[in-house]
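Throw the hints in and build the complete structure from the sequences for me.
Protein chains: 2
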Amino acid sequence: MSESPAGAPGTRAGTEPAGPVPALGREVFEFDRDTAARRRAPGVHDIDLSPGWGMGRTLNGGYLLAVVGRALARDLAHPDPFTVTAHYLTATVPGPAVVRTDTARAGRSLSSASAGLFQPVPGAAGERGAETERLRVLGTYGDLDALGDDVRTAAEPPALPPPEECFSATDHPAGPDAVPELSRRLDLRLDPATSGWAVGAPSLRGEMRAWVSLADGRAPDPFALLLAVDALPPTGFDLGLTGWLPTVELTVHVRARPAPGPLRVGVTTRNLAGGFLEEDAEVWDTADRLVAQSRQLARA
Amino acid sequence: MSESPAGAPGTRAGTEPAGPVPALGREVFEFDRDTAARRRAPGVHDIDLSPGWGMGRTLNGGYLLAVVGRALARDLAHPDPFTVTAHYLTATVPGPAVVRTDTARAGRSLSSASAGLFQPVPGAAGERGAETERLRVLGTYGDLDALGDDVRTAAEPPALPPPEECFSATDHPAGPDAVPELSRRLDLRLDPATSGWAVGAPSLRGEMRAWVSLADGRAPDPFALLLAVDALPPTGFDLGLTGWLPTVELTVHVRARPAPGPLRVGVTTRNLAGGFLEEDAEVWDTADRLVAQSRQLARA
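Protein chains in written order, with the working numbering: chain X, 1 to 300; chain B, 1 to 300.
These aren't lab readings, by the way, just hints derived from the structure by calculation. Because the structure is a prediction, the values reported are computed rather than measured. Hints are not guaranteed to be accurate.
Short derived list, chain B residues pointing at chain X, Cβ under 8 Å [as the list claims (entries may be wrong)]:
(1) HIS87
(2) ARG136
(3) ARG205
(4) GLY274
(5) LEU297
We put the CB at the ideal spot given by N, CA and C, even for glycine.
In structure tokens form, the structure reads like this:
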């Protein structure tokens, strides 16, 4: 992989950025800056997790998967996450974190590894003091550019009104200052048909649809897809649930490299039972390709 | 967990069976016998993998997930797999194998751990000689009996004709002796509407539906669900593909403890692209409950 030049904006002297940092002129995009861990040694990566990707104090699960996913790509011979699963163990907070990876197999066309993201226990002293594991990840990587062009799909993109007819964070009833940090990083345009919950009238169909872009104009790539699948409000809101719906597990399949432009994301829940629900997401790019599929198990 | 009495049928003197072995009178069911690893030490489990769960020399991915899943249950404080993901690294063959587990978090209501299944490299000497990792697993466990009874689901069971109107292995054109070993362990009744591929007329819808029971009458439990999601012929056959479609990754959510009786399993593929396809399975029990959901990524 190519590396950013030392001293480029957004990198730190004496550290190694986690893979190429796409830049437009001298601009470094927020997502690249905030997901780039510094490889201390093979299999050990340090990062200062940004508060910019949270809802309150808790960081978004898709953002964390992108952080770990990029660190894994550094330690594997293949660049793209084909299938990654994260189990969320404890709530991750902004601040220092370490990603430790463990390669399972380095194959010709696919490589597999697991990883853990750890944070220091507050008050514990020393560089290798007590740590708490926040999430554990298992992934298989390949090269999306090496795949054939054959497509035989029964899937169709979600029916979404044009972005200008959808709701955005600036429509927040309490004003733009009331939106969570995560919503400032994303340009999310929610389908009015799945936004009734915001005014107390959920459709009860368990659906959520939106246009998703990074707010600073960064084009989507496979790691941004790991964020996009977890970027919409929970489908539970459309089923009349309120409050936090913590993710237990999230699996993402990246099926193609996304074309530039806004993504269309559709999420559905078929089964809410026993206090758990699944959320199935599909992500489509501007070329009408199904670029990612995901499923998560969340607690109601 | 309760243990089978020492010397009970199907257990071996001086070893520890992997959890309770349901038995009808003195009978030990094939699935329990063949998924029971012996715990050598906490986190280390030995098993002699049976050739009875293969298609040719390669063992079924669902069977292997059940083996690892039961070993994980021994090392965790919670009995039931809520969500488990396996990445298949190399083809597993019948014979000795070791499962090594690594607990990530032991919580009040959920526990998480990863595990690897290893086989000795042929010709390598010694008990701890060279090993090859066959699959790596990440799982979160809980107690299905502790879940509430609330169900708000949009999902409906697959429309299947009664079992006596479906195709079974005994209908194999080359006679019952031609069926693979795995098919002898299962009583699989394939919906004629998704069986056209067997006579050269796939529906091209990417669907597969069947009744699934264990052939010796063992009732389904959460570990049998890990097998059931991977027990049908590949949906790729219904898309006109032939040959082996190796699983890269399989994730199963167990949503409820299944009632006794045959399971209904429906599998669909929405997207075959770039040489990969996903297979989504839903498993329904005789009480019309959605007891498991799964998705796998396979190579075409």
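Taking the hints in turn, this is what the structure says about them:
Interface restraint check: HIS87(B) against chain X, minimum CB-CB distance 5 Å, threshold 8 Å, status holds. Residue-level restraint check for ARG136(B) holds (minimum Cβ-Cβ distance to chain X is 5 Å; threshold 8 Å). Because the closest C-beta pair between ARG205(B) and chain X is about 7 Å apart, less than 8 Å, the hint holds. Annotation: GLY274(B) was flagged as interfacial toward chain X, and the flag holds, the nearest CB pair being 3 Å apart, inside 8 Å.
Taking 8 Å as the C-beta cut-off, the interface hint given for LEU297(B) holds, the closest approach to chain X being about 5 Å.
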